[in-house]
Amino acid sequence: MKKTPLYEKHLELSGKIVDFGGWALPVEYSGIIQEHEAVRNAAGLFDVSHMGEVLIEGKDAESFVQKMVTNDISTMKDFQIYYSPMCYEDGGVVDDLMVYKYNNEKYLLVINASNTEKDIEWLESKVSGDVKINNLSDKYALLALQGPKAEAILQKLTDTNLDDLGFFEFIDGMKLRDVSALVSRTGYTGEDGFEIYLAPGDAARLWDLIMEAGSSEGLKPAGLGARDTLRFEACLPLYGNELDKDITPLEGGLGYFVKLTKDDFIGKEALAKQKSEGLKRKVCCFEMLDRGIARSGYEIYSGEEKIGFVTSGTYSPTLKKNLGMAMLDVDFTEIGTEIIVEVRNRKLKAQIVKKPFYTKKYKKD
Amino acid sequence: MNVPSNLLFSKTHEWVRIEENIAYLGLTDFAQDKLGQIVFVDLPELNQEIKEKEQVAEVESVKAVAEFFSPVSGKVVKVNEDLLDSPEQINENPYDSWFVAVELSDQSELENLLNPQKYEALLMEEEENH
Numbered sequence: 001m002k003k004t005p006l007y008e009k010h011l012e013l014s015g016k017i018v019d020f021g022g023w024a025l026p027v028e029y030s031g032i033i034q035e036h037e038a039v040r041n042a043a044g045l046f047d048v049s050h051m052g053e054v055l056i057e058g059k060d061a062e063s064f065v066q067k068m069v070t071n072d073i074s075t076m077k078d079f080q081i082y083y084s085p086m087c088y089e090d091g092g093v094v095d096d097l098m099v100y101k102y103n104n105e106k107y108l109l110v111i112n113a114s115n116t117e118k119d120i121e122w123l124e125s126k127v128s129g130d131v132k133i134n135n136l137s138d139k140y141a142l143l144a145l146q147g148p149k150a151e152a153i154l155q156k157l158t159d160t161n162l163d164d165l166g167f168f169e170f171i172d173g174m175k176l177r178d179v180s181a182l183v184s185r186t187g188y189t190g191e192d193g194f195e196i197y198l199a200p201g202d203a204a205r206l207w208d209l210i211m212e213a214g215s216s217e218g219l220k221p222a223g224l225g226a227r228d229t230l231r232f233e234a235c236l237p238l239y240g241n242e243l244d245k246d247i248t249p250l251e252g253g254l255g256y257f258v259k260l261t262k263d264d265f266i267g268k269e270a271l272a273k274q275k276s277e278g279l280k281r282k283v284c285c286f287e288m289l290d291r292g293i294a295r296s297g298y299e300i301y302s303g304e305e306k307i308g309f310v311t312s313g314t315y316s317p318t319l320k321k322n323l324g325m326a327m328l329d330v331d332f333t334e335i336g337t338e339i340i341v342e343v344r345n346r347k348l349k350a351q352i353v354k355k356p357f358y359t360k361k362y363k364k365d
Numbered sequence: 001m002n003v004p005s006n007l008l009f010s011k012t013h014e015w016v017r018i019e020e021n022i023a024y025l026g027l028t029d030f031a032q033d034k035l036g037q038i039v040f041v042d043l044p045e046l047n048q049e050i051k052e053k054e055q056v057a058e059v060e061s062v063k064a065v066a067e068f069f070s071p072v073s074g075k076v077v078k079v080n081e082d083l084l085d086s087p088e089q090i091n092e093n094p095y096d097s098w099f100v101a102v103e104l105s106d107q108s109e110l111e112n113l114l115n116p117q118k119y120e121a122l123l124m125e126e127e128e129n130h
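First to last, the protein sequences are chains B and Z. This note's numbering puts the first sequence at residues 1 to 365. This note's numbering puts the second sequence at residues 1 to 130.
You can take every hint at face value.
Per the computed footprint, the stretches of chain B lying under chain Z, defined by three or more beta-carbons under 8 Å from a beta-carbon of chain Z, are: (1) 26-35; (2) 287-297; (3) 306-320.
Straight-line alpha carbon distances no greater than 30 Å define the calculated BS3-like cross-link-like pairs of lysine-lysine that follow: (4) Lys78(Z) x Lys347(B); (5) Lys355(B) x Lys63(Z); (6) Lys34(Z) x Lys16(B); (7) Lys245(B) x Lys63(Z); (8) Lys275(B) x Lys306(B); (9) Lys16(B) x Lys11(Z); (10) Lys349(B) x Lys321(B); (11) Lys75(Z) x Lys51(Z).
Hints were generated in silico from the structure; no laboratory data involved. Here the structure is a predicted model, which is why all the values come from computation and not from measurement. Every residue, glycine too, gets a C-beta built ideally from N, C-alpha and C.
Construct the complete structure from the given sequences, taking the supplied hints into account.
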């Protein structure tokens, strides 16, 4: 298994290490529920150094990125970030990623760890003009500081006024005490917070500095278990669950990030066709009515008819209910519709509810 | 890991407390720790006849599902329904959180169970394999 620069730190903190797509990472420290609650009510610190980073540079960088992703990056300002799916010609999703724009000749793409190799091959196969692709995944450690207290905690370590850093904006070269880092106001929890990219050699030191600064604010180290329940409640999609090579971003509920009005991009034709014909299935949210927890892959029925499958399901620590997301035949996606989830040979009742489960608490001016 | 001296254990990490011909069944400290925070439990019904090594309950944490195999055969005479509403008790006090009490139909099955020393040896082995 691959180790992040914080591996020793996780052991020191008694993190429960699991194999996460080839990476040795902590699923929890004190417990998923406490860590989840810390992020909702105070703050949590995550090691997400496994994420991939790819630098796209050159005179044609803008048009290249624009061709590769479904969102319209031509409207981006420098030091702004857009979220976007990246699709195949057939509309299936290669990956969902964050585009960090330095200027129109330099973009940093932040991609899912397990997709890194595949993404780079895909990008390289589509390169044209003056574009250089550089895999910087090993050059960056990544910490995510998330929660309503995140700004107050990080502010203790820097002279930069963090209140001026807007949602989905970043600063490269921010000084956090003596550590230099790229800091963005982003995250994957539904809370305000920051993602901090830095040299691997500085990661353990910054981890300690942040933990110390947060000790009086209720900050806890948080593992990948809480990261998943947090993103789930906010209905943020997870590649391999709500998005996949066989699921289009429209079906995954990401229509907002598919700009069919922009010039040609990979997958445009297929997505435009799917939109004009109308979706046959889409991701929606449900709540268990019977006792039981739906898990990803479980089949969903209406009577005897199979109508879809669970994409993600768990006990929700914030709502204290058993909830799920599912890919369902559109005829069964109206709020209030009763469905049957097959949980290990038992047929349990559930009901379609409004999306999302948890309203995101982002800091937007 | 806590292994009380007055209990018997199965290889699949259930514990058994014997009171005359009644066996109280639960999940061991090791098993609850491995599972993480428990958020759901499904129990057998009162008067249900259960068999040794049969899956009779399910325990779920936020991330995982575990099957609970009965270490003994017999009729369920009591069900700890408190666990349905607060399954976290299993994490907090695994050896007080009995799932069901069973009237034993075959006392000789107890010979198939591990005493505390043997169960501790099993745990050492499992730890080493990790």
